[in-house]
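Trainee: Using the hints provided, position chain Y relative to the given structure of chain P.
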Amino acid sequence: MNTTQDNSQAGLSFFETAPGKLLVSLGGLIATIVFLVWGFGFLRAAEVPLYVMTPFAILWGVGGIAMLYTFGNMFIEQMPQVITARVQPYLFVGPAVLILFWYLAFPTIRTLWISAFSNAGGPPAAVWASPAEGGGWDNFSKEFSENFVGLDNYAQIFSGENNNMRIAFRNNLYWILFGASSSVIMGLLIAVLADRSKFENVAKAIVFLPMAISFVGAGVIWNFIYEYRPSGESQIGLANAILTLFGAEPTTFAQNVGLPWGLNNIFLIIIVIWLQTGYAMVLFSSAIKGIPSELLEAARVDGANEVQIFFRIMIPVIWGTIITVTTTVVIFTLKVFDVVWVMTGGQFDTQVIGTQFYRESFTSGNSGTGSALAIILLLAVVPVMIYNLRDFSKRRTF
Amino acid sequence: MASVTYEHVKKSYGDVHVIKDLNFHVSDKEFLVLVGPSGCGKSTALRMLAGLEDITSGQIKIGDRVVNDVPPKDRDIAMVFQSYALYPHMSVYENMAFGLKLRKMSKTEIDQRVQKAAGLLGIGHLLDRKPKQLSGGQRQRVAVGRAIVRNPSVFLFDEPLSNLDAKLRVETRANITRLHQDLGTTFIYVTHDQVEAMTMATRIAVLKDGYLQQIDTPQTLYDHPANVFVAGFIGSPSMNFFEGKLVNKDGKLMVDLGVFQLEVPAGKKDMYGKHVGKDVVCGIRPEDINDPLYLPPAVADSRVQGKIEVTELMGNEIFLYLNSGGKQYVARVDPRTKAAVGMDKELSFNVDNMHLFDKVTEKRLE
Chain P
7 MNTTQDNSQA GLSFFETAPG KLLVSLGGLI ATIVFLVWGF GFLRAAEVPL YVMTPFAILW
67 GVGGIAMLYT FGNMFIEQMP QVITARVQPY LFVGPAVLIL FWYLAFPTIR TLWISAFSNA
127 GGPPAAVWAS PAEGGGWDNF SKEFSENFVG LDNYAQIFSG ENNNMRIAFR NNLYWILFGA
187 SSSVIMGLLI AVLADRSKFE NVAKAIVFLP MAISFVGAGV IWNFIYEYRP SGESQIGLAN
247 AILTLFGAEP TTFAQNVGLP WGLNNIFLII IVIWLQTGYA MVLFSSAIKG IPSELLEAAR
307 VDGANEVQIF FRIMIPVIWG TIITVTTTVV IFTLKVFDVV WVMTGGQFDT QVIGTQFYRE
367 SFTSGNSGTG SALAIILLLA VVPVMIYNLR DFSKRRTF
Chain Y
103 MASVTYEHVK KSYGDVHVIK DLNFHVSDKE FLVLVGPSGC GKSTALRMLA GLEDITSGQI
163 KIGDRVVNDV PPKDRDIAMV FQSYALYPHM SVYENMAFGL KLRKMSKTEI DQRVQKAAGL
223 LGIGHLLDRK PKQLSGGQRQ RVAVGRAIVR NPSVFLFDEP LSNLDAKLRV ETRANITRLH
283 QDLGTTFIYV THDQVEAMTM ATRIAVLKDG YLQQIDTPQT LYDHPANVFV AGFIGSPSMN
343 FFEGKLVNKD GKLMVDLGVF QLEVPAGKKD MYGKHVGKDV VCGIRPEDIN DPLYLPPAVA
403 DSRVQGKIEV TELMGNEIFL YLNSGGKQYV ARVDPRTKAA VGMDKELSFN VDNMHLFDKV
463 TEKRLE
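Heads up: the protein sequence lines correspond to chains P and Y, in order.
Numbered according to the working numbering, the first sequence spans residues 7 to 404.
Numbered according to the working numbering, the second sequence spans residues 103 to 468.
Keep in mind that the hints were calculated from the coordinates and are not lab data.
Everything numeric in this text was worked out from a predicted model, so none of it was measured.
Any given hint could be a false lead.
[What the hints assert, rightly or not] Interface residues of chain P toward chain Y, partial, derived using beta-carbon atoms under 10 Å:
(1) G67
(2) G70
(3) A72
(4) L74
(5) R306
(6) A310
(7) T330
[To be verified] List of simulated lysine-lysine pairs, BS3-like, C-alpha gap at most 30 Å:
(8) K461/Y / K380/Y
(9) K347/Y / K295/P
(10) K295/P / K112/Y
(11) K204/P / K175/Y
(12) K440/Y / K409/Y
(13) K447/Y / K429/Y
(14) K131/Y / K347/Y
(15) K429/Y / K440/Y
(16) K204/P / K122/Y
(17) K203/Y / K295/P
(18) K461/Y / K429/Y
(19) K351/Y / K370/Y
(20) K204/P / K112/Y
(21) K175/Y / K295/P
(22) K112/Y / K122/Y
(23) K112/Y / K206/Y
(24) K218/Y / K206/Y
(25) K461/Y / K347/Y
(26) K295/P / K232/Y
(27) K234/Y / K203/Y
(28) K206/Y / K163/Y
(29) K409/Y / K376/Y
(30) K376/Y / K447/Y
(31) K351/Y / K310/Y
We treat Cβ as the ideally placed atom computed from N, Cα and C, and that holds for glycine.
So that you can see chain P by itself, here it is in the shape it has in the complex (with noise of 0.2 Å):
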């Protein structure tokens, strides 16, 4: 050892003992935070070029996150083993779950606030404009409008007054029932056929392929499936061209209005049925091929005939993947949008909510009752979301 190395490593020392990457990792955490604050800001108000912006955003956020953990797990590193391994795990998801926080939960929460207003009244003045002008800090908390109503909004979507919400609601019950129902029944159906058929993979792929097409896409293609032409001359649309080839009359589909009880609803749900199946037939097929085949010759050997095998075998050992299924095509058919909208609008009674609240909230300027029919869509979608995650832990457990 001679002594100009053993100075220089006594200068390193002090930051490998203890207290030194104590000091370190503060004052690293400290730099962090400085350093993502101010970055924001920069972002935010700096008017430099895009390609000077663009590098300076990534450095920043991938940067500045890669610093946040480095020295966070440093500092957390000092502390008592028992500290660390607690606290450690949060460290590493607590970015993340602040993100979703300001993506997810924050705006929920202010759509909630905000169905608590009308739009009577007009804007709000600004917090900052003179008390003459109505300004002060009360208007903080008022998003956009003067009005606060409370559960106002609510109690006249749900008043019964209001013929529009009914139907939407109806509608939504159909596509719960219908859509969802047959995507999952016929998903099913069409996996444990295809499982025993020789064209499978031929089978499988023509039904899958409607996955491939976008609910606005789908929604363009069957207007021309239901274009409608009056009665005489010829029809340039599918179902209307079968229809009269067999002699009947042309019809709207869905812009009929003169089906009883809103059924052309039901040519809106076909298009999502013929969309969702394949997803559904996708899922139960591979859960289908997880069976082992011991377990089907071990119930035919047992006396089970074929559909003996399929209700009492298969169903109950794949029913996890049944749950999961038939939850996500349900949370997808109560937020259905697009497909109504292409097709009819929302008009000719085939509103449903969610149509509704894009309605009320871009087209009438009726934010406060826009954003009560989001919350009410959340509070449907949040207990079979609930199921759906409870059954998933479970399964976890087997």
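Mentor: Okay, now just chain Y, sitting in the frame of chain P:
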């Protein structure tokens, strides 16, 4: 209670012929073990009997009834699978009751049968559990229980012990033998393990490449293997094989193996005499090679010099891995032997128990 008959049974998948002309008869109450290396068609043979595979040609009969086109549920059989194939969503009780419920049996009768079988197998305390809560051995017993509640005329077992650890396998082996004695039903059991076959079977059928090699009692199979394959397959460690020629030398009938000669004992001279000049495969089981100091009584002693390459002490015996002029073989000798690695040692071959096979056909010379 029923016999089982295979008559010219064939099975092919396209051009792949898995079973080529299988013929045998299993009497009522017999415990037949189908044994052979993987891919020999033994599982396929069993699955055809169960009705889980079509029969390409030929006939399978249970009792006097041809069952080729009878669905599994109507064949009056029960099967225990290698993976046990317990229904994961049902409790042990429901697993066992499933087949009875499908047959619309009354609740009390089902309960009686399940309780009785559970008692027999010692799984009475597990009836409310789900299969995932059971150990491997317990699952295996439930699978057997599910088969016996049905009270079938033929039991089929498809390698039911291969998922168990060694100790449990030995225990379960004895339990299944006991079960066969208690139930007095026809058992047909598939395994690749010749020890299972030897210990459990009343008769063993050895299969290879889709052909039946030999079907006989374990003792006959061991003492009089029909061909080189059966001789090598049955017994552990395997029989030693030496290639050689039957020759007459100074009035003695000898098997000339190149590195050494073995004299054919007087009692077998007549039998082998007519094959003089033939190329043969000579088989000697490891236990028929002894340390001359510790000879079992009454052996036809023939001495051979060999170099010891490896020794394996088993406690009650020692395996010697030997080499005589480049030919390697195994001996199973008394543990008191002084033999050590590297030693050149004189060994005694018990030529009374020598097996001779035709080198070309690989069939036993008789």
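Trainee: Are any of the numbered hints broken by this structure? If so, which, sorted upward?
Mentor: Violated hints (numbers, rising): 1, 2, 3, 4, 7, 9, 14, 23, 29, 30 and 31; every other hint is consistent with the structure.
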